[in-house]
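S.K.: The residues making up each chain are set out below.
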Amino acid sequence: MGATDLSPALRSQVLAALEAGTALKICGGDSKHFLGRTTAGQVLSLSGHHGIVDYDPRELVLTARAGTRLAEIEETLAQAGQMLAFEPPRFGARATLGGTMACGLSGPRRPYRGAARDAILGCRLINGRGEVLRFGGQVMKNVAGYDVSRLMVGAYGTLGILLEISVRVWPRPTHSLTLMYECGPAEAIERMCGLSLRPLPVDGACFHEGHCYIRVSGAQTAVQEAHSRLGGEPLHDGAAFWEALREHRLPFFACAGPLYRIVVKPHTPPLAIAGDWLLDWGGAQRWLASPVPASAIRRCVAQAGGHVTRWRAGADDADVFEPLTPALARIHRRLKDGFDPGHVFNPGRTYPGL
Amino acid sequence: MPNALNARPKRTPTQRKLLKALARLLPPACVLTDPEDLRPFECDGLSVYRRMPLAVVLPETVDQVQAIMRLAHRMGIPVVARGAGTGLSGGALPSGDGIVLSLAKFTRILRIDPPNALATVEPGVRNLAISEAAASHGLYYAPDPSSQIACTIGGNVAENAGGVHCLKYGLTVHNVLGLKVVTGEGELVSIGTGTLDSPGYDLLALMTGSEGMLAIIVEVTVRLLPRPERAQVALAAFDDIAKAGEAVGALIAGGMVPAALEMMDRLAVQAAEDFVRAGYPRDAQAILLCEVDGSNAEVSQAIMAVREVLLQSGASLVRTAVDEAERQRFWKGRKSAFPAVGRIAPDYYCMDGTIPRRELPRVLREIAALSAHYGLPVANVFHAGDGNLHPLILFDANRPGELARCEALGRDILALCVAAGGTITGEHGVGMEKIDSMCIQFQSGELRQFHAVKAALDPAGLLNPGKAVPTLHRCAEFGAMHVHRGELPHPDLDRF
Ligand SMILES: Cc1cc2nc3c(=O)[nH]c(=O)nc-3n(C[C@H](O)[C@H](O)[C@H](O)COP(=O)(O)OP(=O)(O)OC[C@H]3O[C@@H](n4cnc5c(N)ncnc54)[C@H](O)[C@@H]3O)c2cc1C
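Which chain is which? The protein sequence lines are A and B, in order.
This note's numbering puts the first sequence at residues 337 to 690.
This note's numbering puts the second sequence at residues 3 to 498.
To be clear, the hints were calculated from the coordinates, so they are not data collected in a lab.
One should not assume that every hint holds.
What the hints assert, rightly or not - Pairwise CB distance ranges (calculated):
no., chain 1, residue 1, chain 2, residue 2, range
1, B, THR63, A, GLN639, 25 to 31 Å
2, A, ALA665, B, LEU112, 24 to 30 Å
3, A, ARG666, B, ARG41, 35 to 41 Å
4, A, GLN639, B, ARG110, 22 to 28 Å
5, B, GLY98, A, SER631, 50 to 56 Å
6, A, GLY417, B, LEU112, 41 to 47 Å
7, B, GLY256, A, ARG347, 40 to 46 Å
8, A, ALA640, B, ILE151, 34 to 40 Å
9, A, HIS679, B, ALA370, 33 to 39 Å
The structure displayed is predicted, hence computed values, not measured ones.
Note that CB positions come from ideal geometry on N, CA and C, so glycine has one too.
Given the sequences, and given the hints that come with them, work out the whole structure.
M.R.: Structure (structure tokens):
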């Protein structure tokens, strides 16, 4: 899988767009195009800019170009018994590391081993002035300058084009076991939150269709010990279940209607919104398929102290992400202007004016 | 360089106006202006830098913080936030023409929320106090800087503080889920609400490690973790420091994530042993402390594996603590390593570079060479697991020229870390101390981008001015003096 460094060409394209005053729509593997608001602009493809630049398992750090496919990275890591701990949802074989970081999505292990933003250690990027800049590094601890690398995670490309990314990786647990319990949502929430008070090697907890699923991972003895303490029915093919959850391939996600991603504190009781629910992240990330108007859902979730994303918003460009308070919106606009004064990168993908 | 502007300059009309206005906003006991009262605030933990502020304010409410910021903004007065003042990079060093805003009175634990495993506290709460407040629920706050009995959570957020358990449990940035901040314009802004993520840009990450340059932190929500059932530590001795470095890599490559993995060299081992009788082998060239934690069964299995790898890596001795008392003693030696080294020389200067672990043996050799070159001993104590070095340079500030030599050696060590692919600071921050070394790590473009970030959050530039990010002008001056391997850094800048 040959590696290619397209940085100079990408930079030229940015400079040309700046000069012509056109916007750029940054695109990795195009696996997450359905996320966020629609953005106009000339497509700038990162998929040709790929390759693992540095990986030494002893360092627990991998550096790759933004267009490198997640599949290639995960395979390389697996060969050394390591993994991306945040279990990034791929949503397709073409998913790239750059797109993964730009969207900042994390899978079921997020509450226990951190999010995409927790894994990033450094990056090289092109800002809206066409400058190639390097922030952070390949080391675990680095507090020189503001944490620009983390700021890029979840910015949906609106602050800069990620060229190269260093991430922290983790050893892959040698054993894993999924335990299943029949129960209702309220009981599942109690069970899942109770786990965060006990020092057990839990690294996944979700609830769906009358069942709570808990994954424990680690050394064999630790997994056995956790099983004896937690009880529950072992799930035969646990790995396939979590993979389907991570990739949104469970039948739940096949629904045609509107789908919402809701983030609340895990111990929030079941919310009184009609629809079909799936609880992940130990109750902290909840998926809702519901015909209830978005505004009503937002009101209810805001009261519970959470926020809502309209997943698969389609062409309808009303708010996709939770509207920002005026003070936060002002800070966002100023940051956007500070990174991309010409508003060249993915204008409006997250919020109008960004 | 440290400049001791100790004599208080005569008050200008603006200053008199400021003090009068502050007196209207705050009770008298909350405004300090007498030189004796200001003295304790003239420096932080890096006491070679000292400067007297115009005044120190100690607000008691968020409203008062907002009012102070609005006033400072209206009058164009610099504001330096201060927690416990344990910082090691001069971050809380006052501005001579500004005020120090101390968060010392914000010491309430607002909420411990066990089912959500969260704690919400005021910024002046001490790091350890959070774990103490959560202890009855079996929970604790993981980041544990050695200064944890004294340093504040606000200061931890501002510096993105780390500790010996960061390899497994992360730095401050990985454990903060919400902040309330007051901007330079006096506006109160909530960033994150305790949920695992928040809409929009990751401002939590931006605030963490921002060294008081972007906003004043007035409330912090952190994640709590269950206390591990058991922890066990292995102490390994090596007759060659490079072997110890390689053992670190071997442990990681073996699929282990120790809760802590610390190294000390001979000088540090002997100092610690003399100071607290930790039970370290005095003749070792280096020791490693490797802690594993988790459930009972997990720990039993892991400690055996650790032992095995350490022996295979050439450790001349591996001991596991026989009981909790011995485990505490092993750690006591490490945690008191700084003061221990402080006993063997009149002064010491603590560096804080990080390098990729694989560079450990080479960097340690080069530090030894630099130490010989400058004629100043260096003791090494570090977070080996994450490559964060703390070379401690021993010197005597009373000997003419020795402080300058020590600082030059420090800068060379940081340049060495950058050249090895690392960074000039892993956890102590840039502050005033490493501002020139920033010119080595970053080019003009990055520095300009940092200034743009600062301008987005603090357009008037009144929060902790002159720290953390050097002006391009300063780098040009610094670069003119430090031409490295014939390459001029920042070639695009005018020189004079
Ligand atoms: C013996 C010793 C051991 C240490 N060990 C470690 C260690 O293991 N790991 C580590 O990371 N550090 C360590 N430190 C350094 C120091 O303790 C940390 O940097 C700590 O986070 C500083 O907290 P503080 O409350 O003392 O902050 P201060 O020193 O008062 O301030 C530090 C910086 O934070 C800013 N600040 C403080 N409070 C606020 C606020 N509320 N809002 C905005 N800005 C604010 C200040 O302006 C300043 O720039 C050690 C220090 C000592 C003396």
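S.K.: Take the hints in turn and mark each one as holding or not.
M.R.: Hint check:
1. B:THR63 x A:GLN639: 25 to 31 Å: holds (27 Å)
2. A:ALA665 x B:LEU112: 24 to 30 Å: holds (27 Å)
3. A:ARG666 x B:ARG41: 35 to 41 Å: The hinted range 35 to 41 Å holds for A:ARG666 and B:ARG41, with Cβ atoms some 39 Å apart.
4. A:GLN639 x B:ARG110: 22 to 28 Å: The hint (22 to 28 Å, Cβ to Cβ) holds, given that A:GLN639 and B:ARG110 are roughly 26 Å apart.
5. B:GLY98 x A:SER631: 50 to 56 Å: holds (53 Å)
6. A:GLY417 x B:LEU112: 41 to 47 Å: holds (43 Å)
7. B:GLY256 x A:ARG347: 40 to 46 Å: holds (41 Å)
8. A:ALA640 x B:ILE151: 34 to 40 Å: holds (37 Å)
9. A:HIS679 x B:ALA370: 33 to 39 Å: violated (52 Å)
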